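Visitor: Okay, here's what each chain looks like letter by letter:
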Amino acid sequence: MAQPLQRILVAVDDSPSCQPALKEAIALAKASGAELVLAHVTSILEHRIADGGRGPHRVPDVASTPLGPACSRVESAGVRWSTELLLGYPPKQLALVADDRDVDLIVVGSRNLKGLKRAALGSTSNVLLKESSRPVLVVSSPERAIAAA
Amino acid sequence: MNTILLATDGSPSALEATREAIRLADELNARLLIVGVEHVTVPAYGYYGYGEVYNDLLSGEHVHVQRVLADAAHEAEDADVICDTIDRTGDVVDTICDIAAQKEARLIVVGSHGWSGVRRFLFGSVSMGVLHRAPCPVLVVRAHASQPTNGQVRADAAVV
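Residue numbers (this note's numbering), protein chains in the order written: chain A, 1 to 149; chain B, 150 to 309.
Derived from the structure by calculation, the hints contain no laboratory data.
A few of these clues could be false.
Claimed, not checked - Here are the simulated BS3-like pairs of lysine-lysine, each with C-alpha atoms no more than 30 Å apart in a straight line:
hint : chain 1 : residue 1 : chain 2 : residue 2
1    : A       : 23        : B       : 252
2    : A       : 130       : A       : 23
3    : A       : 30        : B       : 252
4    : A       : 92        : A       : 23
None of the values given here were measured: they were computed from a predicted structure.
Produce the complete structure using the sequences and hints provided.
Guide: Structure, rendered in structure tokens:
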């Protein structure tokens with residue numbers, strides 16, 4: 001008999017592609033009763049760019065990151081949840097925390113860059129697929145779903 | 150009722166994908182649509198006896214796909230998951246994505262690395278093609294994903 005899902009990790013950031021992924025993760029958690037682990041990876045580089053390197057560079061609190069709105073969304077969906085605020089290279093950190101929390105599934109959004117942009121910028125979902133041995137659910141933006149239909 | 154599309158070629162990661170697909174179908178109370186695509190890569194020129202060799206390859210692939218589908222369906226039935234199987238011939242990525250669109254699949258489940266053929270050795274072949282063309286979310290599953298061991302060893306094993 002299939003084992004029920006215990007924990008689902010969902011990568012949260014402030015990009016529009018994150019919203020369909022969060023929606024999908026909530027649906028899966030609701031259906032299975034699994035706990036949602038909301039993970040956001042922040043980078044010191046972002047702070048340096050934001051203030052021109054002048055600092056001080058404070059460690060952000062959860063509520064001031066994209067985890068804040070994600071938490072309230074998950075809470076109102078009535079799903080069990082916890083958060084992970086990480087520092088570093090997003091795909092690597094997501095893969096590490098997925099192992100650490102022993103999640104059954106990682107859910108990420110995809111920006112669906114095409115051609116040169118994709119080659120130049122890379123993509124968290126692509127790198128994560130190589131970094132993690134756990135099942136990865138890649139949720140594309142709705143624009144693409146409509147375009148493909 | 151939701152449909153989860155499982156694409157399988159019987160490779161180790163596809164077997165792991167089969168387990169995950171069944172688990173999700175069970176959780177989501179969805180039906181499972183198991184898709185096998187017959188795909189033979191042959192040199193594009195004729196030589197003496199070429200036709201026979203080609204036909205052997207085709208029928209070998211047909212037998213293989215049928216067996217893979219039967220095994221996956223059997224596994225789904227053991228878990229009390231309703232399933233159908235589809236056996237098609239053609240381009241693997243296009244076929245999977247077209248069926249997903251036709252059947253309005255809720256999600257597609259694929260293994261990360263398929264069997265045989267140079268293009269399938271490369272990560273970014275079938276699974277990547279499906280990721281970029283799929284009309285719905287795609288779950289990519291690696292071989293032995295359920296065994297939490299040292300990540301490095303496992304990652305290397307999966308790539309080779």
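Visitor: Tell me the hint numbers this structure goes against, listed in increasing order.
Guide: Failing hints: none at all.
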